[in-house]
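S.K.: Let the hints inform the model, and build the full structure from the sequences given.
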Amino acid sequence: MVKIPAGSFQMGQTGLVEPLSNVTLTKDFYIGKYEITQTQWLKVCTGWWPGAAPDATYDVGDNYPACFFPGSVTGQVKTEIYTNS
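Quick note on numbering: the sequence shown equals residues 1 to 85 in this note's numbering.
Hints listed in this document are in silico derivations from the structure and should not be mistaken for laboratory results. Since this is a predicted model, take the numbers as computed values, not measurements. Note that CB positions come from ideal geometry on N, CA and C, so glycine has one too. Some hints here could point you the wrong way.
Unchecked claim - Quick list of simulated restraints, FRET-style, between CB atoms:
(1) ALA56 / GLU35: 30 to 36 Å
(2) VAL23 / LYS43: 30 to 36 Å
(3) GLY12 / THR57: 23 to 29 Å
Claimed, not checked - Computed list of lysine-lysine pairs in DSSO-like fashion (alpha-carbon distance at most 27 Å, straight line):
(4) LYS3 / LYS27
(5) LYS3 / LYS33
(6) LYS27 / LYS43
(7) LYS43 / LYS3
M.R.: Okay, here's the thing in C-alpha cells:
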C-alpha cells in the first residue's frame with residue numbers, strides 16, 4: 001500500500017484534457033501499489049458483485065486485473081488480498 005498525502009493538485013493534461021481541474025484531498029489515504037488480479041480477488045471474495053464480473057471487453061483471465069469492484073470494498077478485504085497473494 002502507498003500513502004497518498006492530503007494536498008492540492010491539478011488533474012488533467014494540458015492540450016489533451018482541458019480545462020484542468022483543481023483537486024484537493026483533505027485527508028491522507030492509502031491505495032494499492034499494484035493491481036489486484038482476478039485470481040487474487042476470487043481467493044478472498046466468493047464471487048463478483050452483480051454487474052462487476054469481468055467480460056471480453058476488458059479481458060478475462062487469472063492474471064488480468066480485477067475491474068469494477070465497488071468503492072464500498074473495505075480496507076480489510078483489500079488487506080487480505082495483498083496479504084494472501
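S.K.: Against each hint, give a clear statement of whether it holds in the structure.
M.R.: Quick rundown of the hints versus the structure:
1. ALA56 / GLU35: 30 to 36 Å: violated, 19 Å
2. VAL23 / LYS43: 30 to 36 Å: The hint (30 to 36 Å, Cβ to Cβ) holds, given that VAL23 and LYS43 are roughly 34 Å apart.
3. GLY12 / THR57: 23 to 29 Å: holds, 25 Å
4. LYS3 / LYS27: The given pair, whose Cα atoms are some 11 Å apart, holds under the 27 Å limit.
5. LYS3 / LYS33: holds, 9 Å
6. LYS27 / LYS43: Given that 27 Å is the threshold and the Cα spacing comes to 31 Å, the pair is violated.
7. LYS43 / LYS3: holds, 25 Å
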